[in-house]
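Between the sequences and the hints, there should be enough to build the whole structure, so can you do that?
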Amino acid sequence: MATHDPYAALRIRNFLWLILGYATSTVAREAQIVVVGWQVFEATRDPLALGMIGLAEALPFIAVSLYAGHVADRLPRRPIALTGTFAMVLSAIALLLFTTTGMIGKGHVWPIYLVIFLSGIARSFIRPAFTALSAEVVTRDLYANAVAWRSSTWQFAAVLGPAIGGLIYGFAGAATAYAVVIVMMSLSLGALWLIDHDARPQQGEAIPIGESLRIGIRFLLGQRILLAAMTLDLFSVLFGGAVALLPIFAHLLGAGPQGLGILRAAPAAGSLVTGIIVAHRPPMRRTGAALFASVAIFGLTIIGFAISRNFWISFALLTAGGMADNVSVIIRGTLLQTLTPQHMLGRVSSVNQIFIGSSNEIGAFESGLVARLLGTVPSVIFGGIMTLVVVAVTMAWAPQLRKMREIDGTGVSH
1 MATHDPYAAL RIRNFLWLIL GYATSTVARE AQIVVVGWQV FEATRDPLAL GMIGLAEALP
61 FIAVSLYAGH VADRLPRRPI ALTGTFAMVL SAIALLLFTT TGMIGKGHVW PIYLVIFLSG
121 IARSFIRPAF TALSAEVVTR DLYANAVAWR SSTWQFAAVL GPAIGGLIYG FAGAATAYAV
181 VIVMMSLSLG ALWLIDHDAR PQQGEAIPIG ESLRIGIRFL LGQRILLAAM TLDLFSVLFG
241 GAVALLPIFA HLLGAGPQGL GILRAAPAAG SLVTGIIVAH RPPMRRTGAA LFASVAIFGL
301 TIIGFAISRN FWISFALLTA GGMADNVSVI IRGTLLQTLT PQHMLGRVSS VNQIFIGSSN
361 EIGAFESGLV ARLLGTVPSV IFGGIMTLVV VAVTMAWAPQ LRKMREIDGT GVSH
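Mapping to the working numbering: the sequence shown position 404 is 404, numbers consecutive.
Just so you know, these hints were derived from the structure itself, not from any lab. In this text the structure is predicted, and so the values were computed from the model without any measurement. A hint or two may mislead.
[Stated by the list, open to error] Think about it this way: if two alpha-carbon atoms lie no more than 20 Å apart in a straight line, the pair counts; the simulated SDA-like pairs of lysine to any residue are:
| no. | residue 1 | residue 2 |
| --- | --- | --- |
| 1 | K403 | L339 |
| 2 | K403 | L227 |
| 3 | K403 | A296 |
| 4 | K403 | Q223 |
| 5 | K106 | G173 |
| 6 | K106 | A175 |
| 7 | K106 | I121 |
[Said to hold, decoys possible] What follows is a list of derived Cβ distance ranges for each label pair:
| no. | residue 1 | residue 2 | range |
| --- | --- | --- | --- |
| 8 | D5 | L373 | 47 to 55 Å |
| 9 | I215 | W397 | 22 to 30 Å |
| 10 | P378 | N310 | 34 to 42 Å |
| 11 | G107 | P79 | 38 to 46 Å |
| 12 | T176 | W397 | 46 to 54 Å |
| 13 | T44 | I93 | 18 to 26 Å |
| 14 | R11 | L369 | 43 to 51 Å |
| 15 | T100 | V393 | 45 to 53 Å |
| 16 | R45 | N310 | 20 to 28 Å |
| 17 | G173 | G222 | 51 to 59 Å |
| 18 | G256 | L187 | 24 to 32 Å |
| 19 | I385 | R309 | 14 to 22 Å |
| 20 | R285 | K106 | 53 to 61 Å |
Even glycine gets a Cβ: it sits at the ideal position worked out from N, Cα and C.
Here it is in structure tokens:
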């Protein structure tokens with residue numbers, strides 16, 4: 001029996017630079033999210049205004065994600081990632097300028113929504129490019145290991161980013177925080193530049209974009225297990241996301257932007273622990289059961305968080321939710337790369353992006369809207385209950401996903 005090497009993917013130079021670039025851009029983005037969230041909360045004190053941040057980012061996801069996946073399947077992926085990351089640098093510069101010139105103030109937050117919308121277009125191209133490039137620079141037998149390390153590295157950055165954003169905002173103000181974001185995004189550009197893989201994706205005869213996208217969607221519809229896993233994640237995130245309302249909970253718990261940064265980092269801290277554990281273990285034996293259990297635990301932690309009135313209990317519940325959530329992230333990511341041919345990874349990743357990326361942002365809008373109607377705490381309790389309902393419905397709808405056992409380089413076993 002071969003010895004499991006938990007560091008196999010990290011020994012590949014291009015993959016190492018890729019996840020370093022991903023990590024630094026994530027630090028910057030997560031710090032920016034905290035700063036933007038607290039700015040909007042201070043200016044409006046309105047949960048719906050916080051939810052509108054998610055809507056501003058979801059609209060470009062839905063509009064251009066499929067086209068971005070088509071581009072990632074026709075052109076070299078590294079230049080796409082470089083261009084998108086450069087656009088993110090420009091968006092951070094715009095937020096800095098809007099802040100220092102006083103264009104963002106009490107009841108006046110439309111410049112933030114504009115920048116988030118435009119940066120959402122850039123992120124729509126970055127995500128499929130990163131996913132497809134990750135599959136190109138490692139061998140097929142290392143997919144699960146690469147997904148686990150990419151996820152845990154991302155989560156480490158997602159712990160560091162909110163803490164940096166909250167602390168700098170609390171002690172030095174929004175302008176300084178945005179300046180740090182610009183520096184971190186620039187470091188990400190440098191890491192991506194050092195990747196020496198610019199191969200054009202393998203592709204057959206050139207076909208029109210419309211037909212290309214239809215092929216990608218038809219492929220996904222034919223993969224019942226993958227489609228079910230994505231659907232489970234879509235609706236659990238749509239209903240179970242309390243992250244958009246964290247500025248309000250930080251205020252209710254007596255914490256300022258520094259406390260918001262800590263709460264925002266908690267799910268990622270839990271996810272980091274899960275990612276490291278999974279990376280150091282052989283593939284899961286009962287993958288389907290683990291997937292459903294993890295999403296159910298996520299829903300329960302959301303309900304507990306909603307009723308908690310102690311800062312550190314709230315932090316612990318968010319951390320536990322992050323641990324559970326990353327189990328489903330790793331399983332879905334491994335399924336995506338294992339079941340999808342490389343020449344279609346961009347398109348299928350884009351559909352996944354619409355499922356998951358837009359559900360995060362639309363879920364933020366849903367949370368803000370329901371909080372406006374029902375109140376902040378009842379809206380989050382409702383979301384946790386609906387997550388448990390989604391688990392039960394998906395288990396009945398997709399028994400083959402529930403019975404799924406091991407995922408390896410050759411496919412899925414039952």
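Hints and how they fare:
no.	hint	result
1	K403 - L339	holds, 17 Å
2	K403 - L227	holds, 15 Å
3	K403 - A296	holds, 17 Å
4	K403 - Q223	holds, 15 Å
5	K106 - G173	holds, 16 Å
6	K106 - A175	holds, 16 Å
7	K106 - I121	violated, 27 Å
8	D5 - L373: 47 to 55 Å	holds, 52 Å
9	I215 - W397: 22 to 30 Å	holds, 25 Å
10	P378 - N310: 34 to 42 Å	violated, 19 Å
11	G107 - P79: 38 to 46 Å	holds, 41 Å
12	T176 - W397: 46 to 54 Å	holds, 49 Å
13	T44 - I93: 18 to 26 Å	holds, 24 Å
14	R11 - L369: 43 to 51 Å	holds, 47 Å
15	T100 - V393: 45 to 53 Å	holds, 49 Å
16	R45 - N310: 20 to 28 Å	holds, 23 Å
17	G173 - G222: 51 to 59 Å	holds, 52 Å
18	G256 - L187: 24 to 32 Å	holds, 28 Å
19	I385 - R309: 14 to 22 Å	holds, 20 Å
20	R285 - K106: 53 to 61 Å	holds, 56 Å
The structure fails to meet hints 7, 10 from the earlier list, while all remaining hints are met.
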